[in-house]
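Fit chains B and C to the given chain A structure using the hints.
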Amino acid sequence: MRLKSIAAALALAGAATFAHADSFPGGPITWVVNWPAGGGQDTTSRLVAEMLSEKLGVAIAVKNYSGAGGLTGMRELASADPDGHTIGMLGASSIIQQYTTDEPVMLDELAVLSFFGPDPGALTVAGGTPYESLDDYVMAAKESPSEIINGNDPPGGASYISASILESSLGLEINKVPYSGYAPTVTALLGGEVESATVPVPQVLEHHANGDVRILGVMAGQRHFLAPDIPTFMEQGYDVVAGDFRAVVGPAGIPEDVAAILSEALVAVLSSPEFNAKANAAGYMIEPLGAAEAKMRIMQFDEQVYPVLEQAGLVTNPR
Amino acid sequence: MSALLDSLGLLLMDPWALFLCLSGVVVGLIFGALPGVSSTMSLAVMLPLTFGMSTGNAMMFMLGIFFSSVYAGSVSAILLNIPGTPGAMVTVLDGNAMARKGRAGEAMTYALIASLFGGVLGWIILVTTAPVIAAYALKFASPEYAAVVFFGLALVAYASSGDTLRGLLAGALGLLLGVVGRDAITDVPRFTFGTAELQGGLDIIPLAIGVFGIAEALTAVETIPKTAAALPARMGRLFPGRRALLAETPTAVRGSAIGAFVGAIPAAGSAVAVALAYALEKRISRTPEAFGTGVPRGIVAPESANNACVGGALIPMMTLGIPGDSITAVLIGVLLLHGLRPGPGLYESQPEFVATVYAALLFAIVFTGLVAGTFGLRGFNRVLLLPRRILLTGILLLCLMGAFSVRNSIYDVWVAIAAGGAGYAMSRMGVPVLPLAFGVVLGPILEENLRRTLMIHKDWTVFLERPISLTLILISFAVLLGPLIWQAARSFVQRGSEGGKPR
Amino acid sequence: MIRRDPAIASREARRDLAAGAFSVGLAACLAAVHFRQAGRLHDDYGAEPGPALLPEILLAALALIGLALLLRGFWIGRIAGLASREQKEIGSAFGRASLVVLGLLVAAMFLQSATGFGIAAATASALLAILLARQELRSLPRAAIEGVLVAAILYALFRFILGVPLT
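Protein chains in written order, with this note's numbering: chain A, 1 to 319; chain B, 1001 to 1503; chain C, 2001 to 2167.
Among the hints, erroneous ones may be present.
What the hints assert, rightly or not - As a list, the in silico SDA-like pairs of lysine to any residue whose alpha-carbon atoms are at most 20 Å apart:
no.	chain 1	residue 1	chain 2	residue 2
1	B	K1458	A	K278
2	A	K278	B	G1339
3	B	K1139	A	I230
4	A	K295	A	S144
5	A	K278	B	L1346
6	B	K1458	A	G117
7	B	K1139	A	S146
What the hints assert, rightly or not - Computed, partial: chain A to chain B, Cβ under 8 Å:
no.	residue
8	T101
9	E103
10	S146
11	I149
12	R214
13	G283
Derived from the structure by calculation, the hints contain no laboratory data. Positions of the beta carbon are idealized from the N, C-alpha and C atoms, including for glycine.
Chain A with its partners taken away, still in its complex shape (with noise of 0.2 Å):
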């Protein structure tokens, strides 16, 4: 995910700027993206931050804060006034780096606001592998164990880790090779360089219907609603749930009602069918939670990647 650019805002950044206090609270919102624009945190951003705008009647700016792994952006909301006129986007991988980064933003410093969807993992296997079903794939890597070559993130990436839950809930060893990013992931698992590969479901969805790789399963508790023929991890026997997610937070320390303003417009937002049509049609798994139900959604992740990680040896801040 290390592009090389670039930052963006809205044009509505100048408006914004001389926007008057109509509704919420004072002001307008400065959304806060921790990736680069063009990417799954930036699209959807823009989406939920257009309806947002409307529903508050406040212009919102979407400002990309990108760099040391999504990790400028999170301080940068972190830091912010919590006044609830900067928030922004949430995933795996922000807390996945509590632990593994230097002077991390710890999950604490921020406030949850809602819950936006989850992004599960899938294994897919390349067109020429031999694997046509889980169970050819889980054997095959229990008899000769780092032979399989999987293609995912970087360690601590959120593809990465769904490969380690993968191997950690099924006792296997698998050879993960990273790649920075989907993209090139994909592409490897095309051209037919790594055997395997754990990125969510809309990355590899097309190339599955056009016959050139296989997903085996889906590493969700249901199936992927843009890909409702293939089986989950569960229905097939193994316990396997991982992947990314999104979420909408702020600094820590948001006036409550203000928070509860922000929450439930969220939750509006996010329920409606005009933005479900729009975020389904680009693939986004939607599940709107309010803050409490989000919070504790994210301290879930949290309990289960940290084992993870501290068994990859990846933990250098631990808890």
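Structure of chains B and C alone, referenced to chain A:
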């Protein structure tokens, strides 16, 4: 092909679509000319405007911004010596050198024509051979990638001007700067000194803005205006002459081919393409020492490559649904929001949609040529008529704001200032800065792919077993060792004739 | 590299010495950082050489290049002599005006953290314009106004049209 003609006809008949493309081109020309404002950023800023447009219109608008902003990166490179985008990093050298000789107008024309040439050639390759190139690009796995970058570095070793030892020093420094940050394979931080800011590594743009833009401005403040032409006092004539232009055709063809192909390899990017194109031209030139002093070839090679990348980057996007770079990632985002998921399915099932995208890119190229050719060149060149004190002040401020804009980070401004001081010191020590920039761009890609290859194949011999990488490695060694052998032979002969004079 | 002109030769010798000393010094400092780094940097990564190898190769290369430059500098310097009076300014890498401008940029960055980007940019811009106008022997108050105007235009362009959060 008939679908393409239909789309061209339909869009030509649609004044609203044409107007959107034209507006996109104008927006792209202005945004792209500002340093630090990349095509990605320009597209992302304008993204919300496309929500209400039809898919075809949205593509007309976005591709208009895309192509013109890629071209416009050359404007600040030539006129102000600030490389605003990775693709314009190399254009700075000969572009600004030419401008300083009072031939800014010609330099701008060379850049525009090379850009259009590259754009059109990239477009033709996209339209005619996209599936073939895409299949070939997929064969480019980590070993090939490592080999092609090794080839690039081998070319660069001879592309730097001046003293070899100092060139090596600059190259090593650049490679070291590229190491800073989290390692792409193991995620281990290197040379971050425990800070959070350095973990993401050093972005090439603030560095390039520093070593080229700020360093040059620092040199310029030392030169009192009456004594030397530190800045171009005038733009000179615009048109270099037909024969001079035609003489650059082979360079433009080579540059465009490199650009289209490198652009088609996912995640390679225009910085690699321009580095390869420039280094290749310099290597095969009969007068390599002229490069960097303001030769048209030094503008034509990178600019044609840079703009051919646009068509190239659309190849994996259209046929495989894979973004070739961050710019096409935004374009895919636009399509996704319109409910279209580019990929093999869309490519085969909806030829009319594919044709619309192709047609839109052609309109974008044509409009860029029209707008830049009629108003752009003269308008941009007017900047040079500003008094020196205003121009230099403006350049330094643009450097600071441009560096900030890359990642909205104040720390990048510090990087640019430090790089500016370092670049100035290097020029005072006679150390060339170009190898440094190439090292920063190419080093991390080489390391990542080399080590990934070893993770997968566990053996160095894989590089010699794969035909593409073997060929590239053999050529690289020929490039590296050829001149050494040649020089040794020549000095042996000379020594014989001159009676053992010490070198 | 040796030219017949002794002034140029001694200049090149000084350049070599400066560049060489810089490389060796930098290599030494970075090596200290590199080899003392804790964590997974120096782990064994099996078939893959690991993250520590490339920096080590580069540091060694930098040190070697630096030594070679030093040797060449001494050698040329011994022949041509290092101190050639007409070129004494090259001993320091920076000339005065550029050092002042660089200092101004750094000062502007510190000012920025206190006052915000806009005011810092305007101040630096005014001072830069004054400095340059002094060289050109032009009216200083006018230059200051011009400088502030340049800053205001560029700031407005980035801040309000592009929405870059320059605060």
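Tested hints:
Pair hint K1458 of chain B plus K278 of chain A does not hold up; C-alpha atoms about 45 Å apart against a cutoff of 20 Å. For the suggested pair K278 of chain A and G1339 of chain B, the alpha carbons sit about 7 Å apart, so the restraint of at most 20 Å is met. For the proposed pair K1139 of chain B and I230 of chain A, the alpha carbon gap of about 29 Å is over 20 Å, so the pair is violated. A threshold of 20 Å between alpha carbons decides the hint, and for K295 of chain A with S144 of chain A the separation of about 40 Å lies outside it, so the pair is violated.
Simply put, K278 of chain A and L1346 of chain B have alpha-carbon atoms about 18 Å apart, close enough for the 20 Å limit, and the pair holds. For a cut-off of 20 Å, the pair hint linking K1458 of chain B to G117 of chain A is broken: about 39 Å separates their Cα positions. Our distance criterion of 20 Å between C-alpha atoms is broken by K1139 of chain B and S146 of chain A, whose separation comes to about 24 Å. Against a cut-off of 8 Å between C-beta atoms, the interface hint on T101 of chain A holds, since the closest Cβ of chain B lies about 6 Å away.
At a threshold of 8 Å, the smallest CB-CB gap from E103 of chain A to chain B is about 4 Å, leaving the interface hint in force. The restraint placing S146 of chain A at the interface with chain B is violated, with a minimum CB-CB distance near 10 Å, outside the 8 Å limit. Checking I149 of chain A against chain B: minimum C-beta separation of about 6 Å stays under 8 Å; hint holds. A hinted interface residue such as R214 of chain A counts as satisfied when its beta carbon comes closer than 8 Å to some beta carbon of chain B; here the least separation is about 15 Å, so the hint is violated.
At a threshold of 8 Å, the smallest CB-CB gap from G283 of chain A to chain B is about 7 Å, leaving the interface hint in force.
Checked against the numbered hints given earlier, this structure breaks hints 1, 3, 4, 6, 7, 10, 12; the rest are met.
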